[in-house]
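Chemist: These protein sequence lines are chains A and B, in that order.
When the letters of the first sequence are read in order and numbered with this note's numbering, they come out as residues 1 to 159.
When the letters of the second sequence are read in order and numbered with this note's numbering, they come out as residues 1 to 553.
One should not assume that every hint holds.
Derived coverage of chain A by chain B (criterion: at least 3 residues anywhere in the stretch with Cβ under 8 Å from a Cβ of chain B; other residues may be distant) [to be verified]:
1) 28-39
2) 77-89
3) 99-106
4) 114-126
5) 141-153
With a Cα cut of at most 30 Å, we get these calculated DSS-like pairs of lysine-lysine [as the list claims (entries may be wrong)]:
6) K139(A) / K406(B)
7) K73(A) / K450(B)
8) K405(B) / K358(B)
9) K406(B) / K78(A)
10) K67(B) / K131(A)
11) K451(B) / K101(A)
12) K71(A) / K405(B)
13) K358(B) / K467(B)
14) K450(B) / K131(A)
15) K67(B) / K20(A)
16) K131(A) / K512(B)
17) K496(B) / K467(B)
18) K450(B) / K100(A)
19) K27(A) / K71(A)
20) K512(B) / K71(A)
21) K446(B) / K71(A)
22) K27(A) / K69(B)
Just so you know, these hints were derived from the structure itself, not from any lab.
No experiment lies behind these values; they were computed from the predicted model shown.
In this text, a Cβ means the ideal position worked out from N, Cα and C, and glycines have one as well.
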Amino acid sequence: MKKIVFVLFFFGNSLISQEKFPEIFLKTINGKPINSKTTYNDDGLTIYSFWATWCVPCINELDNINLEIEKWKEAKVKIVAISTDDSRTKRRIRPLINGKKWDFFDVLIDENHNLKRALNINGIPHTIVTKGRNIIYRKIGYKPGDENNLYDFVLNNSD
Amino acid sequence: MNFKRYLILILSFFGFNHVLNSQILDNLTSSFESFGAYYIDDSKTGDFSLDNRFRSNNYLNLKSNIKNKWNFELQIESFEPEPLLNFSPNFKKTNISTFNVQYVNTNLNIQAGNFYEQFGSGMILRFWEDKNLGINNSIRGLNAKYRVNDNIFISTLFGNQKKGFKYSKGYIFGFNSELDFSKITKNNSTFLIGFSYVGRNDKKIKNDFYKGTTNLFSARLDYSSNAFYSNIEIIDKSSDPIYIFGTLSDTFIKKGSAILLNSGYFKNGLGFDFTFRRLENMTLYSERKAFGNEFNESIVNYLPALTKQHDYSLANLYVYAAQPNVSYQSNELTKVGEIGIQADLYYFIERETLLGGKYGTNISLNTSFWNNLDGDFDFKNQNYNTELLGFGKKYFSEFSLEIRKKWSPNFKNIVLFINQYYNKKFIEETFGEIKSNIIIVENTLKINDKKSVRLELQHLSTVDDTKNWSAYAFEYNLSSAFSLYFSDLYNYQNPKNDKKIHYYNLGGSYNKGLSRYTINYGRQRGGLICTGGICRYVPESSGISFTITSSLF
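Build the full structure now, drawing on both the sequences and the hints.
Modeler: Okay, here's the thing in structure tokens:
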């Protein structure tokens with residue numbers, strides 16, 4: 001126990017906040033590999049929403065954004081929906097996004113949770129906003145109405 | 001005493017998780033999770049008869065990198081004084097669970113230590129972590145990946161698999177390749193081919209009847225165009241002894257195989273998906289003696305149940321678990337695998353139409369059925385021959401219809417109807433079969449931008465097993481940070497009066513920044529609890545439980 005506290009102390013003292021979005025290989029919905037560094041908006045804001053086809057609040061969040069998609073387009077924000085579905089439910093992604101007409105979202109798949117793990121995400125929904133590669137906002141969970149706060153944040157942080 | 005020790009632990013984990021300012025390493029990030037419970041005696045479900053009423057599972061993860069070339073990860077886990085009910089006894093006290101060093105450049109990625117990996121759909125190999133299920137089956141060894149060019153990707157791995165804080169005796173080695181032939185196709189379609197090999201060497205158990213090494217080969221094809229996709233995966237597994245009557249047989253030695261076919265079409269608000277899967281003697285453990293362990297330890301490949309994953313408690317009462325194994329229990333109860341299909345249909349009814357209303361309506365249909373393989377089963381002499389496309393005794397079937405509709409800016413609901421057949425005799429190897437109908441209505445009312453309420457009503461009707469159940473849940477979101485709930489699950493028609501038990505739960509959650517805290521008081525239903533197609537048995541219990549999760553960036 002003492003040893004571990006010592007180890008923790010060593011690491012604990014060296015903690016600093018990381019602000020960069022990690023570089024991890026994801027897959028497109030067609031199964032092609034894509035590096036996460038090519039997914040953010042170089043000179044603007046990007047919203048990363050971690051979701052899954054079985055996660056009801058995640059879908060509610062993306063549905064509610066999609067309902068007023070025009071105002072998000074005007075805010076010039078890129079929206080990337082990162083699915084954490086594994087092989088059990090992954091096949092539902094394409095029919096679902098088409099059925100829901102999530103046309104404006106870039107949908108990518110983090111099947112074995114490499115990006116989720118790299119970002120220390122413990123549960124979904126989880127929303128991240130980046131400016132270029134820098135992470136400027138993170139939020140756990142989703143409750144009805146949260147999308148309005150997110151929209152205000154985007155407006156306040158756009159150039 | 002135990003609780004005091006836990007508090008010290010939590011405070012140190014939590015404290016360190018929040019200490020800032022680095023002089024040594026750049027880019028250090030951490031996350032912390034704690035799941036605790038205090039079990040109490042319950043007049044309905046019985047006294048808590050084990051040691052240590054207070055139990056907790058704690059995880060601290062630290063990551064760092066140097067110059068974007070070198071990544072380091074350390075995860076310390078602590079099960080003090082004991083893990084939560086029905087977690088593997090291989091999780092003992094506090095120890096290092098994961099440590100790895102990774103070198104990354106544009107085309108090369110080499111990882112030493114504990115790593116996670118998946119080949120294809122995972123049907124041949126998947127190493128992953130799910131804390132709720134108690135699964136962390138990473139490999140400790142070496143994993144190297146190389147991108148030869150834009151179209152060729154290869155990787156290889158070697159190591160021992162983790163089980164709790166221990167490691168299995170068997171060795172796992174694997175090779176994977178992914179080839180992109182999209183350039184030879186016209187228009188924007190994608191055409192991918194993959195080959196994998198996985199070997200498991202279990203030197204501990206080897207004799208004259210079978211080899212120490214079991215080999216698996218897989219081939220995959222994946223085609224996608226703008227509106228259509230189709231993929232197929234085939235696996236061949238070399239001979240392996242069958243586990244029968246608690247021991248490995250010297251004479252009942254069989255090959256295994258898997259076929260997975262998935263295809264779909266989508267256009268203009270309509271989506272259709274179809275899956276066929278056949279598994280025969282397909283489970284692979286990193287050590288043979290781990291067969292059938294209740295903690296899902298030492299499993300190399302991922303074979304989830306291919307049924308709709310439900311979010312509602314009554315829909316998860318009789319939930320299917322995939323049946324990939326050979327199991328000879330009696331003349332009437334012989335299983336050698338599973339064969340079946342799943343189909344989904346999604347349809348979006350446009351806005352501003354008669355059925356679509358102002359906001360449109362989402363409709364989804366799902367159906368699945370899973371059967372034993374058909375063939376000649378010789379129980380007495382322990383042998384079988386199967387037919388490739390024969391459907392044997394039915395294990396499970398389900399039909400569901402889900403309608404999601406937003407009625408006004410502030411009100412929406414979900415209606416779900418499910419018809420299920422569950423062959424308990426074959427799935428759980430006990431007796432009985434259950435036919436049930438389930439109806440669920442979920443309503444969400446947004447009061448303002450911060451406040452909302454959610455009411456979930458559920459009913460399951462069946463004349464089988466313990467008859468009808470009802471359930472409801474009420475959730476009140478006071479703000480984007482605070483939430484309270486109350487739920488109850490009640491087997492009101494149970495033939496035994498003392499089994500008519502309310503499984504009530506009440507609790508709340510609080511989010512602040514990147515931390516989330518939850519507390520729950522109530523009674524937990526025992527039985528098969530399933531997440532993501534993987535199930536584990538949990539005993540009935542009552543008490544207070546809480547979780548803390550926190551990430552730091």
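Chemist: A separate judgement is required for each hint: does it hold in the structure or not?
Modeler: Right, here's what the structure says about each hint:
| no. | hint | in the structure |
| --- | --- | --- |
| 1 | 28-39 | holds (count 5) |
| 2 | 77-89 | holds (count 4) |
| 3 | 99-106 | holds (count 3) |
| 4 | 114-126 | holds (count 8) |
| 5 | 141-153 | holds (count 7) |
| 6 | K139(A) / K406(B) | 25 Å, holds |
| 7 | K73(A) / K450(B) | 24 Å, holds |
| 8 | K405(B) / K358(B) | 10 Å, holds |
| 9 | K406(B) / K78(A) | 26 Å, holds |
| 10 | K67(B) / K131(A) | 21 Å, holds |
| 11 | K451(B) / K101(A) | 28 Å, holds |
| 12 | K71(A) / K405(B) | 22 Å, holds |
| 13 | K358(B) / K467(B) | 40 Å, violated |
| 14 | K450(B) / K131(A) | 26 Å, holds |
| 15 | K67(B) / K20(A) | 12 Å, holds |
| 16 | K131(A) / K512(B) | 22 Å, holds |
| 17 | K496(B) / K467(B) | 11 Å, holds |
| 18 | K450(B) / K100(A) | 25 Å, holds |
| 19 | K27(A) / K71(A) | 28 Å, holds |
| 20 | K512(B) / K71(A) | 28 Å, holds |
| 21 | K446(B) / K71(A) | 21 Å, holds |
| 22 | K27(A) / K69(B) | 22 Å, holds |
When held up to the earlier numbered hints, the structure conflicts with hint 13 and nothing else.
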